[in-house]
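Heads up: the protein sequence lines correspond to chains A and B, in order.
Heads up: the first sequence begins at 14 in my numbering, then just goes up one per residue.
Heads up: the second sequence begins at 14 in my numbering, then just goes up one per residue.
Since the hints were made in silico from the structure, they are not lab data.
What you were told as hints is all true, and nothing was included just to trick you.
Each pair may be met inside one copy or between any two copies, as identical chains are not told apart.
In silico EDC-like links for lysine to aspartate or glutamate, alpha-carbon gap of 16 Å or less:
1. Lys-31 <-> Glu-49
2. Lys-274 <-> Asp-310
3. Lys-332 <-> Glu-344
4. Lys-129 <-> Glu-108
5. Lys-31 <-> Asp-230
Number of protein chains: 2
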Amino acid sequence: MPDAEIIAVGSELLTPEKIDTNSLWLTDQLNLLGVEVVRKSIVGDERALLTSTIKTALERSAIVILTGGLGPTEDDVTRDAAAAALGVSQVFHQEICDAIEERFRGFGRKMHEINKRQAYVLEGATVLNNPRGTAPGQWIETPTCVVILLPGPPGELKPLFAKECQARLEARLPKQVIRTRFYRTTGIGESDLDALIAPIYTKYTNPVTTILASPGDVHVHLRARGTTPEEAEALLEEVGPPIVELLGDRIYSFNGDTLEKAVGDALRARGETLSVAESCTGGLLGGRITGVAGSSDYFVGGFQTYTEAMKIQMLGVSKELLETYTAVSEETARAMAEGAREKTGSTWALSVTGYAGPNASDATPVGTVYIGCAGPGVQEVRRVRFPGERERIRSLAVITALDLLRRCLMAAGAKA
Amino acid sequence: MPDAEIIAVGSELLTPEKIDTNSLWLTDQLNLLGVEVVRKSIVGDERALLTSTIKTALERSAIVILTGGLGPTEDDVTRDAAAAALGVSQVFHQEICDAIEERFRGFGRKMHEINKRQAYVLEGATVLNNPRGTAPGQWIETPTCVVILLPGPPGELKPLFAKECQARLEARLPKQVIRTRFYRTTGIGESDLDALIAPIYTKYTNPVTTILASPGDVHVHLRARGTTPEEAEALLEEVGPPIVELLGDRIYSFNGDTLEKAVGDALRARGETLSVAESCTGGLLGGRITGVAGSSDYFVGGFQTYTEAMKIQMLGVSKELLETYTAVSEETARAMAEGAREKTGSTWALSVTGYAGPNASDATPVGTVYIGCAGPGVQEVRRVRFPGERERIRSLAVITALDLLRRCLMAAGAKA
Chain A
14 MPDAEIIAVG SELLTPEKID TNSLWLTDQL NLLGVEVVRK SIVGDERALL
64 TSTIKTALER SAIVILTGGL GPTEDDVTRD AAAAALGVSQ VFHQEICDAI
114 EERFRGFGRK MHEINKRQAY VLEGATVLNN PRGTAPGQWI ETPTCVVILL
164 PGPPGELKPL FAKECQARLE ARLPKQVIRT RFYRTTGIGE SDLDALIAPI
214 YTKYTNPVTT ILASPGDVHV HLRARGTTPE EAEALLEEVG PPIVELLGDR
264 IYSFNGDTLE KAVGDALRAR GETLSVAESC TGGLLGGRIT GVAGSSDYFV
314 GGFQTYTEAM KIQMLGVSKE LLETYTAVSE ETARAMAEGA REKTGSTWAL
364 SVTGYAGPNA SDATPVGTVY IGCAGPGVQE VRRVRFPGER ERIRSLAVIT
414 ALDLLRRCLM AAGAKA
Chain B
14 MPDAEIIAVG SELLTPEKID TNSLWLTDQL NLLGVEVVRK SIVGDERALL
64 TSTIKTALER SAIVILTGGL GPTEDDVTRD AAAAALGVSQ VFHQEICDAI
114 EERFRGFGRK MHEINKRQAY VLEGATVLNN PRGTAPGQWI ETPTCVVILL
164 PGPPGELKPL FAKECQARLE ARLPKQVIRT RFYRTTGIGE SDLDALIAPI
214 YTKYTNPVTT ILASPGDVHV HLRARGTTPE EAEALLEEVG PPIVELLGDR
264 IYSFNGDTLE KAVGDALRAR GETLSVAESC TGGLLGGRIT GVAGSSDYFV
314 GGFQTYTEAM KIQMLGVSKE LLETYTAVSE ETARAMAEGA REKTGSTWAL
364 SVTGYAGPNA SDATPVGTVY IGCAGPGVQE VRRVRFPGER ERIRSLAVIT
414 ALDLLRRCLM AAGAKA
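Assemble the whole structure, with the sequences as input and the hints as a guide.
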């Protein structure tokens, strides 16, 4: 199977702030075709350096994709550099120029003279039509390589690649079928998960198993190649189920859904509702829940009770309880969840109270968070201590709260 | 001034999910030394490809920084590839091995045999001590280049670079002084801001002006080089003030503070407090405000009123008002802010109600958001229509709410 390299062009991608995100999307698309990306380069708007970068890529990789640098200005050097690297000339295409002119007319504007530069095409290249912008893509074949020039704006690059490149690439690749499985888990760290399932997946090079971790959220990804769909599925069926058995109820999604979407769907299916009472997360839990379109089907609202006075006033937590146990305690988390449930009339309520840092109490260190869940006949509180900085602690608290509700819903479902 | 290249090593950085963020931080540090990054490469754990990538970099750039691949396993190929590219051998350093062993002992564990690989140093290299991890960095000088090997984990890389590399690099560079100014703005788009200040900054190549935009937030960054601090400051003094005058009160921060930090500091300085009432943002506004350490000095809490019933019950918005004007209206936003202020007793209150999508009403399209601010003698509502997807609309609503409060505080300050 041929390898690919991606070269992103643009001086703005060499600043401390800009990230080349196109290559992530392209890598995903190429992986789905069974192609691995072996190198990525980011080069500024410098003709000589870009030319040598392309030349080096052509020596190693059968698929070279360039993104960006197809604009109309002197700074847009991708066409020239690719022509120089390949040793071909460029040809003016009147029909591309006409299309650009037409595009400007459509916006009630006149084409700039410099836009004519975008009508030059490398000798022998196939023009890849770009309905979203002025710069067409280009597809150049050499005896050993395919070179693809794509426009930089993601809104142009993605549809152009999907429409013009995917099928063309597939036709050049050895016949194969890719099938994938996704398991999203929470409540287990990356290295623990790896230790758990490595005895299975390390026995196989096909499917390829990838573990992707972000704080509180670890995804397992299987990708099988076969000559037929049945063959690829059979490979997945050999490796997938034993992994699923080991991961057990840590898996919250088999289809790529986020944790908040999975929990929301469970609530909707049960016809139940949810409210929240947040202290150290200040609204992030509700913010995450309502990030799901249609969350108004089950989320009614909540309380951001950042002070003790607000916990008393909004949620009816008793002053005595706060004095006896402090605001960061199992008792307070329970009272907050019960209070939210009572005040809103929701079926379920989640609460979060803790020290996100930098300040904490003498007895309770930074990172200590109590998470409560109240529901029909249910009163659960989980005490956790998260490592890291303020934002990480708050984010982990949100994930843990969602997972606690997920587990309470599972338990309630089993009982019902 | 010499140029730099950064090579990030690690197969995980060639997956669709992982981003090389080290290079962004390193670029920032290098820019502050006056050094530009001209190319970045990302290579997997492949010795041959990495060796040739390093060789190519050495031909072009005087500073070559490698990140990652210094671990103890066979997959960690940076040491070997750098040695091969430079044509030098590696030497075992007993004192590094002892330090690694000591580190393991500190955790009550025994060093693995494979960790000895981390005690090999390129011939002639300076060892860069890494107190946060087992892999030391390495600094290698050739007649034309400096090659720096840094560990991949950001928590190790950053302190190591700051402590061991910054001064060493500075000593090699032509004597110069860099001085910077930052202006953070909101309420103006990137292209409008550029059109506004381009007549000034395009006249100067020193200072270099960079405009960095994320939705709702545009930063202007000036970077001047001089032979003395006075010279660099004088250059900034020529370009900065005219830009500040044009940007006016769109600037919310001169020191890199976030909008929520700037607003929070203003509240603290006035000894005033804040509450929120959120509908379509579901808690994101409170979440953002409480992302600032010490926000409990001024933030008391808030209400996530996702349904009409909750707006009535929690905030005292009248049923008639909701029936007459709907939940997404100027009147509701005003009543929500007033309700939050009254219920919590805070000096100020912000409210957000709108259609984040995908659903909206017939009369009011997706992206329409009303933002209210209530304070002493103040009742402001802003109607905005944001483009884009749900998350973008919600994020822009949060920024606009913070900016409305900032402007109300400025106006109140001017009156007082």
